[in-house]
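Line order of the protein sequences matches chains A and B. If you count by the numbering used here, then the first sequence holds residues 24 to 588, one letter each, in order. If you count by the numbering used here, then the second sequence holds residues 24 to 588, one letter each, in order.
Wrong hints could be hidden among the right ones.
Pairs involving identical chains hold if they fit within one copy or between any two copies, as the list cannot separate such chains.
Below, simulated BS3-like cross-link-like pairs (lysine-lysine); rule was C-alpha separation at most 27 Å, straight line [as the list claims (entries may be wrong)]:
#1 K144 with K188
#2 K284 with K243
#3 K509 with K229
#4 K509 with K316
#5 K582 with K509
#6 K291 with K398
#7 K313 with K229
#8 K427 with K316
#9 K540 with K313
#10 K540 with K509
#11 K135 with K509
In short, the hints are calculated from the structure, not lab data.
Number of protein chains: 2
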Amino acid sequence: MQRLLSGSARLLPLGLRCEQAVSSGIVKAPSNFTTRGYAAVATDSSDRQHGWQLGAAAAVALATAGLGSWLLLDPQTSHCEEVQLASAGQTKKRKAPLPEIHAEDVAAHNNKERGVWVTYKDGVYDVTDFLEMHPGGASRLMLAAGGAIDPFWAMYQQHNQEEIKSLLEGYRIGSLVGGQDMSQQVADPYSNEPKRHPALVVRSQKPFNAETPAELLTGKLYTPNDLFYVRNHLPVPAVDPAAYTLRVEGEGLRTIELSLKDLRTKFKRHTISATLQCAGNRRTEMSSLKDIKGTVWAAGAIGNAEWSGVNLKDVLEYAGLDERSEAEAEHVQFEGLDSDMEGVCYGASIPIEEAVYKGADVLLAYEMNGRPLSKDHGFPVRVIAPGIVGARNVKWLSRIITSKEESQSHWQQHDYKSFSPNTDYDNVDWESAPAIQEPNVTSAICEPENNTAVSTSEGTIPVKGFAYSGGGHSVIRVDVSADHGKTWTVAELSSVPAKRSRAWSWTLWQAEVPMPKEHTGSIELICKATDNAYNTQPDSVAGVWNLRGVLNNAWHRVKLQVQEE
Amino acid sequence: MQRLLSGSARLLPLGLRCEQAVSSGIVKAPSNFTTRGYAAVATDSSDRQHGWQLGAAAAVALATAGLGSWLLLDPQTSHCEEVQLASAGQTKKRKAPLPEIHAEDVAAHNNKERGVWVTYKDGVYDVTDFLEMHPGGASRLMLAAGGAIDPFWAMYQQHNQEEIKSLLEGYRIGSLVGGQDMSQQVADPYSNEPKRHPALVVRSQKPFNAETPAELLTGKLYTPNDLFYVRNHLPVPAVDPAAYTLRVEGEGLRTIELSLKDLRTKFKRHTISATLQCAGNRRTEMSSLKDIKGTVWAAGAIGNAEWSGVNLKDVLEYAGLDERSEAEAEHVQFEGLDSDMEGVCYGASIPIEEAVYKGADVLLAYEMNGRPLSKDHGFPVRVIAPGIVGARNVKWLSRIITSKEESQSHWQQHDYKSFSPNTDYDNVDWESAPAIQEPNVTSAICEPENNTAVSTSEGTIPVKGFAYSGGGHSVIRVDVSADHGKTWTVAELSSVPAKRSRAWSWTLWQAEVPMPKEHTGSIELICKATDNAYNTQPDSVAGVWNLRGVLNNAWHRVKLQVQEE
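One chain only, chain A, in its complex shape (with noise of 0.2 Å):
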């Protein structure tokens, strides 16, 4: 029942260890067997093809999930080996009928002395081994010992998937007797969702991620709120602004606790124009080159408004910063009201200099393009911090935290980073960079989009787009190529550069490109923008390819279909 995965090999969502895999003997290599180029599958008691790539993680996934034999594909030279496993244990054992447990049973194995024991739905599941290559930690996956995952998956969605079901189905042990499920009835943690723009693309529902259409982007400066892209990383909370406060503490300041009408009254009033985006827009054109695990957004994670609020600095000296607390604080630290099972919230922090320097145009922001913030943007207060990556852009602010180190979160630490198109999830040190804060020079075609049709009568093709540029830079230029690069347009911009280190807002441009003399039934048109720091955009996809999949700023290509007249 062996057999070659036939397209392309898919990643393993879980992003399992290679090395670890064989190191701890769960996977015996051949022994010119190494980590990377390998592709893996499997065909399973039903007959489906399972395929991965990232060398031995796919093994061990294939081992674990019980299926039994299974071959390594080298996709470069298609070579294929037979690896053996040192312990097909959990395969033989299901070949025994699997016994009924007790949910007393399950709730006694809740540590590593005795194992880890969880159910879902009725099945009981010994994830001991499993649980220091949980990609979101063993701490996190220890929450569960002894109990129902049910509620867990519900809170992060990405767990419903084939792959993973079948990757948790190698570890079963046993049904609950009867049949029983030890899920207990929570409340739904997605009861409090809004409706949405039926215009919004959809990435994610929960939680929710959606995108603007990219041809609603170029419209106008600013994004209308309801097309806002929106990006949630857990559900949204229920905040009643009556009894709404925010927290302010840290170094160098006496704690203060704010409510809505002081924020509103005891401060002044700014407006900025500033653009958010995004780390992964653009996501989907490294994916296309190789599997990322993450949400597939086109470049429509976007957007440019008006916000009002009150000025960040403002609030830290009312809480007593000075220069010498300045000089103690090294980060502002803020805390969402967004929160996961466990309480923990949404948190990422700032240099402090950002809320400082630079006109300190850091807001704290109750208000986006004149009307109070909706549910999905943060509503009561959020944090507007321009120049810097939609990440840190903390929306139902709780509380901010000045102190020497940066925000200890999963999104600071361990997300929301690049690296080395040769770094995978099995060599990976999140140490060794930093947390994206401005993002990189960037722009996009909106118009017309891929596949459009063009007719060679036309001398011209009308282009139309955005570009953007972090920490304050104004995009300069934008040139646009309709044969590769041989000849560039200057495309024209919409907007005047704003004061030289504040320029927040993007820029929307627009070119008339020469209808190439040369094609081949196609046209690729191409953009590229410059920021006033004269940084420029990479020409492939390739030499910025990272296993986040963030901040994608190749040159932006769209094909556009010719039809001969």
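Mind docking chain B on chain A? Use the hints.
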């Protein structure tokens, strides 16, 4: 005698404006003539071939040089066009013996109404029609009107090329009576030049421009003073330290004058490490793609030093800078003691926020690596604006001016800017691009050198280089590839990144890159750096090529020769 140019066409050194040439009627172009993509060629009376790119500019050059018949060659299609001269008067004139002219007659032709004549050695030239085509501007050429251009050419030695002399000959109307020479014996403006270290790679003697050999760059974090690259725009001025005064004035300031002793005693001494890089560093890679006017730099127009002096902010505050005047002034201008024949000094400016934000690290430096500044590096005082391109770090500092406008100097307004690859001297709008301030992220391989032999018996290739990014951005990663970017090795960085927004020094790096299994007799090493804004270098030079050849930060490539063993 018409011949097509063999080999690559050469750029017209003076960058004449094609459209102007066509529109002024000097050249009558074919109806389908465009000012792009043409090369021109002609053969002179000595049977030497002359060729230029740049469309009609070439026509002008050849016509005015009196070279007789000529052709335009489209290098794309190899199609050849014969272009008619609207006026071939000068060519005809050559046939009659040229008259002898009195110096008094030359002196009387010093305005556009009567005509603008100049002399060079014993030749007399009517340059009236050339005035508007002079790349340095008509006004600069007018300074020589009615007199000798010899001393100007002694100052601006870029004129001393065969093409320029040939161009001038086309304007010849006679010879001075008795072969006399109008050029007065002027003092050699380059009489104060210091001795230089013989290891420097000299790119121009007058003004002196020289770079550090690549293999000497990566030896230590601080480049030795004597080996530090030198980029002079004008002769080195003679400065008497006892008589030296620095004038400080402008928006919101009282005018003050400070002696060297004042600087050393009235202000606190500060020391910073900072990298300086010429905007033209790595120009040679751009020139090899398409000719460029400018000093031919390899990758050694960069260096790093420890600079000591006083804080610019302290001096500005001493002269009365406060929050109100900060708001009024937007730029800080600097003037050097180096000046041209008209007394116009070198000048540049930086945005005032560079002087007052980001730790306010801009120095008026009097020491370099613990020793007084040398003559070549700005004795007695120079600006060190860390994170800012070399050209704004004015040497031999004489004057500081706070102002609403940036410096109006040639080097701020009409040089040290970059444009789209399709922008050339015939369509450039200098105002459309900002003056370079913080340079983009870059890196280069210093060892091994180009064409080094490597043996296949080696498992890895040791590679060393530098990486740097402007604006206080730290380099967070350098990737090196020996297989055209299929795989990358992450280099080891020499230094821990400095405080987030104040990384003023370069990073040295080294990597052991696996010897690729496949090669074609040679291997291309590639490096690329990424900074903490996750900006990275573009893949190819073509996309960043610009008419001034500045800020080339494409992936750096070094070719190695493989010896099979």
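Verification of the supplied hints:
1. K144 with K188: within (11 Å within a copy, 90 Å between copies)
2. K284 with K243: Neither. Shortest intra-copy (32 Å) and inter-copy (58 Å) distances fail the 27 Å Cα cut-off.
3. K509 with K229: neither (45 Å within a copy, 37 Å between copies)
4. K509 with K316: This pair counts as between: shortest inter-copy Cα distance 21 Å, intra-copy 35 Å.
5. K582 with K509: both (16 Å within a copy, 25 Å between copies)
6. K291 with K398: Classified as within; 24 Å inside a copy, 53 Å across copies.
7. K313 with K229: This pair counts as within: shortest intra-copy Cα distance 25 Å, inter-copy 54 Å.
8. K427 with K316: neither (32 Å within a copy, 50 Å between copies)
9. K540 with K313: between (33 Å within a copy, 23 Å between copies)
10. K540 with K509: within (12 Å within a copy, 33 Å between copies)
11. K135 with K509: neither (62 Å within a copy, 42 Å between copies)
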